[in-house]
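Here the protein sequences come in this chain order: D and Z.
Quick note on this note's numbering: the first sequence kicks off at 122 and runs consecutively.
Quick note on this note's numbering: the second sequence kicks off at -4 and runs consecutively.
The set of hints was computed from the structure by calculation and includes no laboratory data.
Check the hints yourself; a few may be wrong.
[Said to hold, decoys possible] Listed next, the in silico EDC-like pairs over lysine to aspartate or glutamate satisfying Cα-Cα at most 16 Å (straight line):
(1) LYS348(D) <-> ASP226(Z)
(2) LYS248(D) <-> ASP11(Z)
(3) LYS254(D) <-> ASP11(Z)
(4) LYS1(Z) <-> ASP66(Z)
(5) LYS248(D) <-> GLU18(Z)
(6) LYS187(D) <-> ASP294(D)
(7) LYS74(Z) <-> GLU55(Z)
(8) LYS237(Z) <-> GLU189(Z)
[Stated by the list, open to error] Computed from the model, here is a short list of chain D residues facing chain Z with C-beta under 8 Å:
(9) LEU163
(10) HIS243
(11) PRO246
(12) LYS248
(13) ALA250
(14) VAL253
(15) MET265
(16) TRP267
(17) GLY339
Quick caveat, the model's predicted, so the values are computed rather than measured.
Note that beta-carbon positions come from the ideal geometry of N, C-alpha and C, so glycine has one too.
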Amino acid sequence: MRRYLAFLYVTATIDRGKATEPVTQVPSRPRRSRRRVSSNSLKAVMAVSGAVLVFFLVAHMAGNLKIFAGAESFNGYAAWLREVGYPLLPHRGVLTLLEVGLVVAIAAHMYSAIVLARRAAHARPVKYAARVKSRADGYATRTMRWGGVIIFFFVIYHLLDMTFGVTNPEGHDATPFARMVAGFEPARWYITVFYVISVVMVGLHLRHGLWSALQTLGLARRYPVLKASAAGVSALLTIGFLVVPLAIAFGVVK
Amino acid sequence: MNLTLKVWRQSGPDDDGRLVRYEIEDVSPDMSFLEMLDVLNERLILAGDDPVAFDHDCREGICGMCSMMIDGVAHGPQKNTTTCQLHMRHYKDGDTIVIEPWRARPFPVVKDLVVDRSAFDRIIQAGGFISVPAGSAPDAHATPVPKLDADDAFDAATCIGCGACVAACPNGSASLFTAAKITHLGLLPQGQPERGSRARAMVEQMDEEGFGGCTNTGECTAVCPKGIPLDTIARMNADYLKASRKSG
Chain D
122 MRRYLAFLYV TATIDRGKAT EPVTQVPSRP RRSRRRVSSN SLKAVMAVSG AVLVFFLVAH
182 MAGNLKIFAG AESFNGYAAW LREVGYPLLP HRGVLTLLEV GLVVAIAAHM YSAIVLARRA
242 AHARPVKYAA RVKSRADGYA TRTMRWGGVI IFFFVIYHLL DMTFGVTNPE GHDATPFARM
302 VAGFEPARWY ITVFYVISVV MVGLHLRHGL WSALQTLGLA RRYPVLKASA AGVSALLTIG
362 FLVVPLAIAF GVVK
Chain Z
-4 MNLTLKVWRQ SGPDDDGRLV RYEIEDVSPD MSFLEMLDVL NERLILAGDD PVAFDHDCRE
56 GICGMCSMMI DGVAHGPQKN TTTCQLHMRH YKDGDTIVIE PWRARPFPVV KDLVVDRSAF
116 DRIIQAGGFI SVPAGSAPDA HATPVPKLDA DDAFDAATCI GCGACVAACP NGSASLFTAA
176 KITHLGLLPQ GQPERGSRAR AMVEQMDEEG FGGCTNTGEC TAVCPKGIPL DTIARMNADY
236 LKASRKSG
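Go ahead and model the full structure; you've got the sequences and the hints to work with.
Rendered as C-alpha cells:
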C-alpha cells in the first residue's frame, strides 16, 4: 500500500559530505562498577568535622586565656576539665569523650581531604603549560591542602609539648601553668616562632574553611558579609591564641 | 602588530601533543581572537601545513564552543566574555600568547584545541530536564513565577556549557555547570517534582565522569563568560544533601 502512495510521504535524505560526517567518537571510559561516596558527601563530612574542630578551638582559646587570671585559675580550669560531671560521671569521663570526638573529627576531616585531593589530581592528568593565573580568592584558599598538612604536624608537636610533656622542659608531671610558661620562655624563642607561624596557618585555614563549610552545606548566603565574618572570626581566634605564647615570651606572664 | 603564539598541537587523542611556536605578523587590533587564529590557519594552509583545529560556532558569545585557555586563563583576560568576544586590541606588539585546550580527564583532547565535552551532555541527560506532558503550550499565566525567582533562574540558565569552569578549577570540578542547571530548574515551579532526584542524579553523574570535587575557590565564577554566581553551588549542595538525607 505504502508503495503506491509513496508520493504522499515526504522523505528527506541527507548527503553527508566531508563537512557533515559524524565525528569519530572518542571511546568513553569504562564505567566504574564500584559505587563511590560522592564528592559532595565527602565535602559535607569535611564541613561537619571542621565545624566540630572550630567549636573545640573556641573552647581551647577561652581556656588558654585563663592564663592571664593567674596560675591558680589556669590550673583550676585544667583540673575541672578532668572532674566535670563527677561523681555522676567517672574521672576524666567528659574529657575522654571529647578527646574521642576530636580524634574522630580529625580522622574524618583528613580522610575526606585526602580522597578529594586525589580525585582532584586524577581529574587533571595534564597540567597547563602556562602558569594558571588565579582570578579569584587568594592565599588562604590556595594553601588549604598543604596548610592542613602543616597544621597536622603542628598538632602532633603541640600534643607532645603541652599534653604529654615529652618535649616540654618541665616534663609531664608539672602543672599545666608551669608547662605553658616553660614552653614559651624567652630562651625558647624559636619554639614560639614556630607556634606563631602555625597559629597563623590555622587562622588562614579557617578564613577559607569557615565560609566554605557553610557553602558546602548549602547554607551560604550574602557572600560579602559571610566572607567578612569568616575573616573576622579567624582573626579573633588567631589573636586569642597568639597573645598567650607572646605574653609569656615577652615576660608579661611569668 | 606582530605576535608570537605558542599553540598546543596534538594530532589526535593518542598523540602526546606539544606546544608549537608561530610568529604571526600584521595582526589587526580590530580582529577577534578567533579571526586572528583564522589568519594563522590561512597562512598555515598556504604553507601546506595542517591548520590549528579549534572549536567555534556562533562567534557572538552564546554557543559555548570556543574553548581555549589563553595564557592560563579560560577565555582569556577579559571578564564575562568568551574567546570569540576577545579582541586583539587587548594585546600589544611583541606579545607572546600561550593557547591550550581545556585540561580535564573528562574532556579528552580530540585534536589540537578541540576537546570532547560529551561528559556535560551526560550530566544533563542524568537530570537536567523536567518531565512534563508535551501537549499544547500552557497559558502564560497558568503557573505564576515570582519575578525575583524568574530572574535568578534566568541568570543560571544563561550557562552555555562552555566548560571554562572545569578548565579554571584547580580540582577540575564541574560544579558550577551542574549547579547552574540545578538552580535554573530548581527555582521554577515546573522543576519542583524532580528537584531532589535531579540534584542527586546530576551530582552523581558528575562524579561518575571523573570531575573533581568543589573546594569553593571561586575560580569558576571568575572566568565564567556568563558570570554564573557561586550561590548556585550552594543551592546544588543544599538540594543534594536534602535529597540524600531523605532517601539515605
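Now for the hints, and whether the structure bears them out:
1. LYS348(D) <-> ASP226(Z): 13 Å, holds
2. LYS248(D) <-> ASP11(Z): 13 Å, holds
3. LYS254(D) <-> ASP11(Z): Distance of about 24 Å is beyond 16 Å: violated.
4. LYS1(Z) <-> ASP66(Z): Since the Cα atoms of LYS1(Z) and ASP66(Z) sit roughly 10 Å apart, the hinted pair holds (cutoff 16 Å).
5. LYS248(D) <-> GLU18(Z): Violated, at roughly 24 Å.
6. LYS187(D) <-> ASP294(D): This hinted pair is violated, its Cα atoms lying about 20 Å apart.
7. LYS74(Z) <-> GLU55(Z): Given that 16 Å is the threshold and the Cα spacing comes to 15 Å, the pair holds.
8. LYS237(Z) <-> GLU189(Z): 13 Å, holds
9. LEU163: 7 Å, holds
10. HIS243: Holds, about 6 Å.
11. PRO246: 5 Å, holds
12. LYS248: Result: holds, 7 Å to nearest chain Z Cβ.
13. ALA250: Status holds, d = 6 Å.
14. VAL253: Check passed: Cβ of VAL253(D) comes within 4 Å of chain Z, closer than 8 Å.
15. MET265: Status holds, d = 7 Å.
16. TRP267: 13 Å, violated
17. GLY339: Status holds, d = 3 Å.
The structure fails to meet hints 3, 5, 6, 16 from the earlier list, while all remaining hints are met.
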